[in-house]
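Asker: Assemble the dimeric complex from its two separately framed chains, guided by the hints.
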Amino acid sequence: MTVRKIEVRERVMARNDELAAQVRARLAAHGITAINLMSSPGAGKTTLLERTLAVLGEPLDIAVVAGDCQTQNDADRLAAHTGRLVQAIVTGGACHLDALQVSDALDHIDLERTRLLIIENVGNLVCPASWDLGERSRVVLFTVTEGDDKPLKYPKMFEKADWVVLTKTDLLPYVPFDVDRAVRHCLQVNPALRFIHVSAITGDGMGEWFDFLRRSVGPTASV
Amino acid sequence: MHELSLAMEIGRLAEERLGASVPRCVAVGVDVGTASGVEPSALSFCLEAVLSHPPWTGAQPVLAHPVGDHLLLTWLEVEDDDRPED
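Chains B and R are the protein sequences, given in the same order.
With our numbering as the guide, the letters of the first sequence map in order to residues 1 to 223.
With our numbering as the guide, the letters of the second sequence map in order to residues 224 to 309.
Calculated directly from the structure, the hints in this document are not laboratory data.
Treat the hints with caution; some may be incorrect.
Unchecked claim - Covered stretches of chain R (in silico footprint by chain B; criterion: 3 or more residues with CB under 8 Å from a CB of chain B, positions within the stretch not fixed):
1. 253-262
2. 287-298
What the hints assert, rightly or not - Covered stretches of chain B (chain R as the covering partner; in silico rule of three or more C-beta atoms under 8 Å from a C-beta of chain R):
3. 38-49
4. 143-151
Note that beta-carbon positions come from the ideal geometry of N, C-alpha and C, so glycine has one too.
One chain only, chain R, in its complex shape (with noise of 0.2 Å):
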């Protein structure tokens, strides 16, 4: 339940950050430090989990192991549009 508060807190954060005109996330990233006291896998499993519904659309998350206590969403990867505007 640790990992699911938190996956769900990384969910309304980048939803934040891509506001309301969500373009289509494909994958998101997250740093969870080695002493941070979160378990990847069960944290990922959760992730796939808050991302598989809306807004978001099946986008991946893709964790980081680095050393130190730190849990970050670090980026956002996003698909644009290139059609020309009208």
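Excised from the complex, chain B in its bound form (with noise of 0.2 Å):
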């Protein structure tokens, strides 16, 4: 026996990325925008989508791919705010949604009558952000009863992202959060990131969130 070293140096990420570049086909040819939301668990995406699917469900043909590791209360709890189709992804444990499902999420959705595509990643900072969905821009929720180094605890996220929403602004009183602080954070890891402010219960700054879903669809989408 002789032992015989095999040189492959293949990237290990090569088949999602495959799989992205096929979905980001497939929405550019119906002129969908697709948006990732991602953020650790329990900053506010899906009351932030909820608040969303209300207002602008309608208006903007807004189709939703919810991930969550078990149970699809999220897809339940947002499907009561639109007529529109939300396409649950359980990923049985996974800690974060691959192009693959999201491949096969668009099967189930009219995408003849979507114009923008929300997918609301499991909740999680640090994996999601090394899986390419075929999404247009990476928005991440950055809320304020986390703590304002969280874009130095977890760079790659940030790095990766086009836009953070700090939400749950309504809190910043209650809580020993240094927006100033958290910002310069999120600017030290990512000089290019873009911010909006946001309570999705008083309601304060939501007009910006809708007027940047507003700018994001369409074929002179700025994302």
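Answerer: Shown next as structure tokens:
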């Protein structure tokens, strides 16, 4: 017996990236903008989407793919706010969505009647950052109940993001969260990041979020 | 679970590379970039689990940690049967 070394040097994420490119092309062919919404658990993704669907679900022809480790509770919550399809992906314990799951979910969505696809990723600030889903832009929710140093602790998530939505701002009087320092930490990791501050409960800042979504759809979309 | 998904994909890539006539693979080399978002010890643990099942026969994962955000299957070490073919 002799031992032989075979050089490979193949990217482990290559297959996912190929599938993500196919998803991106499929969405582009239908003129659909996809946004990948990511955050830690409990940052307010579902509440933000509930408010969003109630106001913009029909005008922007929004479809939602909602990922969860177990249960489809989030998808059920969202479905109560829209007549449009909310497609659940239960990952069976996996900590992120991948492009194959999104590709499969698209088979259940009426793409002809969709202009904006929001992908609610699994709540996790680590793993989802590594998986391209075919989205046009990535939005990270960063809530004021977290430490303002989260961008430094989870840099990849913020490096790969286009926008940061600072959520639950109505709680700022009650928590030791320094907004200026949080923004500084975000920009330290990714100087190109843009910010929206919202409270889905009081409605503060929601207009800016809605404007961002309106700008995101259509042939002249800028996200 | 992130690392288990990756370990399974590494196993799939290695199997694809070795083809149907899989020789005995004794080691699997993986580059885990320092900024890859992958925990090397967790990936090693998951790879050991994946490589303990057929068609693998206990190949050992060998992880390197270069600077960067890449994750690569870098090499495979296989045992060749030196007996001449009939």
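Asker: For the region 287-298 of chain R, does the count of residues with a C-beta closer than 8 Å to a C-beta of chain B reach 3?
Answerer: Satisfied; 7 residues make the cut.
Asker: Has the region 38-49 of chain B got at least three residues whose CB is nearer than 8 Å to a CB belonging to chain R?
Answerer: Our answer is that it is violated, as 0 residues pass the Cβ test (under 8 Å) against chain R, missing three.
Asker: Using C-beta distances, would you say chain B covers the region 253-262 of chain R, given that this needs three or more residues below 8 Å?
Answerer: holds (count 5)
Asker: Would you say the region 143-151 of chain B counts as covered by chain R, given the rule of at least 3 residues with C-beta under 8 Å?
Answerer: Our answer is that it is violated, as 0 residues pass the Cβ test (under 8 Å) against chain R, missing three.
Against the hints set out earlier in the document, violations occur for numbers 3 and 4.
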